[in-house]
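S.K.: If you want the building blocks of each chain, they are given just below.
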Amino acid sequence: MKHMNEYRDPELAKLYLEKIAKTVTQPWSIMEVCGGQTHSLVKNGIIDMLPKDITMIHGPGCPVCVTSLSLIDKAIHLAVNENVILCSFGDMLRVPGSKISLLEAKAKGAAIRILYSPLEAVKIAGDNPDREVVFFAVGFETTAPANALSVIHAHRKGLSNYSILASHVLVPPAMEAVINDKESKIDGFLAAGHVCTIMGNAEYYPLSSQYKVPIVVTGFEPIDILQGILMVVRQLEQKKYVVENQYARIVREEGNTAAQKVIFEVFEIKDQTWRGIGTIPKSGYAVKEKYASYDANKKFSITIDEAPEHPECISGEIMKGIKKPFECPQFGKKCKPSFPLGAPMVSSEGACAAYFHFSGSVEV
Amino acid sequence: MCLAIPGKIKSIDLQYNNSVRMAKVVFGGITKEVSLEMLPDADIGDYVLVHVGVAISKVDEEEAYKTFKYLEEIGELGELEDVEDYLPKKEGL
Ligand code: SF4
Chain F
38 MKHMNEYRDP ELAKLYLEKI AKTVTQPWSI MEVCGGQTHS LVKNGIIDML PKDITMIHGP
98 GCPVCVTSLS LIDKAIHLAV NENVILCSFG DMLRVPGSKI SLLEAKAKGA AIRILYSPLE
158 AVKIAGDNPD REVVFFAVGF ETTAPANALS VIHAHRKGLS NYSILASHVL VPPAMEAVIN
218 DKESKIDGFL AAGHVCTIMG NAEYYPLSSQ YKVPIVVTGF EPIDILQGIL MVVRQLEQKK
278 YVVENQYARI VREEGNTAAQ KVIFEVFEIK DQTWRGIGTI PKSGYAVKEK YASYDANKKF
338 SITIDEAPEH PECISGEIMK GIKKPFECPQ FGKKCKPSFP LGAPMVSSEG ACAAYFHFSG
398 SVEV
Chain E
60 MCLAIPGKIK SIDLQYNNSV RMAKVVFGGI TKEVSLEMLP DADIGDYVLV HVGVAISKVD
120 EEEAYKTFKY LEEIGELGEL EDVEDYLPKK EGL
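Read top to bottom, the protein sequences are chains F and E.
Read left to right, the first sequence gives residues 38 to 401 (our numbering).
Read left to right, the second sequence gives residues 60 to 152 (our numbering).
The following block holds chain F by itself, in its conformation from the complex (with noise of 0.2 Å):
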């Protein structure tokens, strides 16, 4: 295991810190665009040991930081109202709806079942015939062919009494909006790695040349951050701007395209609401009419309506890089893991968050 500590030696990184500072000469901002990279990035301190000219700007990589309020609050009204037993991933449990959270819905009585896996909520449907089943199926790619998967094995075993409620959120259009924002000012991108562990990198390249930006594809340990960042700094300096992979121990240029039939046996692209930035064109993924009977959104026509975000909480701006966590006026005061105003403070993936535990130049 002679390499065990290849991706976090430090004296590799200082070596690739070097390279950095010795290739830069110019200020430019890149943003890492999933929430794995961003803790990676604050926990390992590898924001303060950068040259200065580099601004690392988050992403919005966190799915569960970008689902919609009303979504979470249809959660919770599925799992207080009906029939249901809601299942979700961990992570979505303290993330605040409108008024409540699910994990103070759960305190309060509902039937809210936190699991590893969307399979797992295929097997409580087949055990619980007299109960509706929900997946509250929330994630990026990377999450999408698991959660479409569950229909499918809910089809085949002929359950009527399964369903997912889906919340996917997808990369690329996303890095679009994110780059026509007129107050972001983003010159290149790390792309999320397993992402496109499942995507593969073709939906990059339009990107990146017309917007003309350097997008590295990513790991997320210290090591594959510094290689990815001095990847794009190359391509800034060179006035190079294509798609190019770090990640090519795990991401194959096609992607997983067995996973990819799996998504769009299931799965039509639509338009999606992003908590704190608002809709994006064809940045989610929605159940096809095929599969009608397995769609939350359709079994239980419930309307909520999307409630606004706490008045102080400015995720939105966090989200599309535009300020960062500590130019929160309630960062750290009013807002804190333990009591949440916003996303991105609830997850450790979100910026807030991450910054909140890790970054010692910050006052909490």
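Treat the hints loosely; a few may be bogus.
Derived EDC-like pairs: lysine to aspartate or glutamate, alpha-carbon spacing no greater than 20 Å straight-line [what the hints assert, rightly or not]:
no., chain 1, residue 1, chain 2, residue 2
1, F, K56, F, D46
2, F, K194, E, E122
3, F, K80, E, D72
4, E, K117, E, D102
5, F, K80, E, E135
6, E, K128, F, D261
7, E, K117, F, D261
8, F, K371, F, D46
9, F, K194, F, E290
10, F, K194, E, E92
11, E, K69, E, D119
12, F, K80, E, E132
13, F, K335, F, E169
14, E, K91, E, E120
15, F, K325, F, E302
16, F, K373, F, E354
17, E, K117, F, D90
18, E, K91, F, E157
19, F, K327, F, E354
20, E, K83, E, D100
21, E, K128, F, D46
22, E, K67, E, E122
23, F, K361, F, D342
24, F, K51, F, D85
25, F, K298, E, E132
26, E, K117, F, E290
27, F, K160, E, D119
28, E, K128, F, E157
29, E, K128, E, D105
30, E, K83, F, E157
31, F, K361, F, E346
32, F, K371, F, E346
33, F, K160, E, E120
34, F, K277, F, E141
35, F, K298, F, E281
If you only want the chain E side, here are some residues facing chain F, beta carbon under 10 Å, derived [as the list claims (entries may be wrong)]:
no., residue
36, A63
37, N77
38, V79
39, G88
40, S94
Keep in mind that the hints were calculated from the coordinates and are not lab data.
Glycine included, each C-beta is placed from N, C-alpha and C at the ideal position.
Once you've looked at the hints, dock chain E with the ligand against the given chain F.
M.R.: Relative to the frame of chain F, chain E with the ligand by itself:
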């Protein structure tokens, strides 16, 4: 939730009239049932990256070991264990 965790395939079961391959995958000391539907050529003994119960990519042993150790260090393995035990205990609830 977005990270994928590497583990080793211990055994493979055929389900749904032999049309679906489910595997027992070992992560450190924990074994989980995982779908191999996205990796048709994965076999017993292979290392795979698993995301929410579905294997999404094959990895080599060294990569698997490094990644597992890293996830352990940064405290990202909680979701593998009984998730209910991991729920944040909020004061007063
Ligand atoms: S610190 Fe809290 S209130 Fe401020 S933007 Fe982040 S989540 Fe919202």
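S.K.: Below or equal to 20 Å on CA atoms is what counts here, so check K117(E) against D102(E).
M.R.: Holds - the C-alpha atoms of D102(E) and K117(E) are around 10 Å apart, at most 20 Å.
S.K.: For a C-alpha distance cap of 20 Å, please report whether K128(E) and D105(E) respect it.
M.R.: holds (18 Å)
S.K.: Tell me if the straight-line CA distance from K80(F) to D72(E) falls inside 20 Å.
M.R.: violated (40 Å)
S.K.: Can we keep the A63(E) interface hint, with Cβ of chain F closer than 10 Å?
M.R.: holds (5 Å)
S.K.: Are K117(E) and D261(F) close enough, with their CA atoms no more than 20 Å apart?
M.R.: The hint holds at about 18 Å.
S.K.: Below or equal to 20 Å on CA atoms is what counts here, so check K80(F) against E135(E).
M.R.: holds (13 Å)
S.K.: Given the hinted pair K373(F) and E354(F), is their Cα-Cα distance within 20 Å?
M.R.: holds (18 Å)
S.K.: Taking 20 Å as the top limit, are the C-alpha atoms of K277(F) and E141(F) close enough?
M.R.: violated (50 Å)
S.K.: Return the status of the interface hint for S94(E): holds when the least beta-carbon distance to chain F is below 10 Å, violated otherwise.
M.R.: holds (6 Å)
S.K.: Run the distance test for K160(F) versus E120(E): straight-line Cα separation, threshold 20 Å.
M.R.: violated (31 Å)
S.K.: For K327(F) and E354(F), compute the direct alpha-carbon distance and say whether it is at most 20 Å.
M.R.: Violated - the C-alpha atoms of E354(F) and K327(F) are around 38 Å apart, more than 20 Å.
S.K.: Run the distance test for K335(F) versus E169(F): straight-line Cα separation, threshold 20 Å.
M.R.: holds (13 Å)
In this structure, the earlier hints numbered 2, 3, 8, 9, 17, 19, 23, 25, 27, 28, 33, 34, 35, 37, 39 are contradicted, and the remaining ones agree with it.
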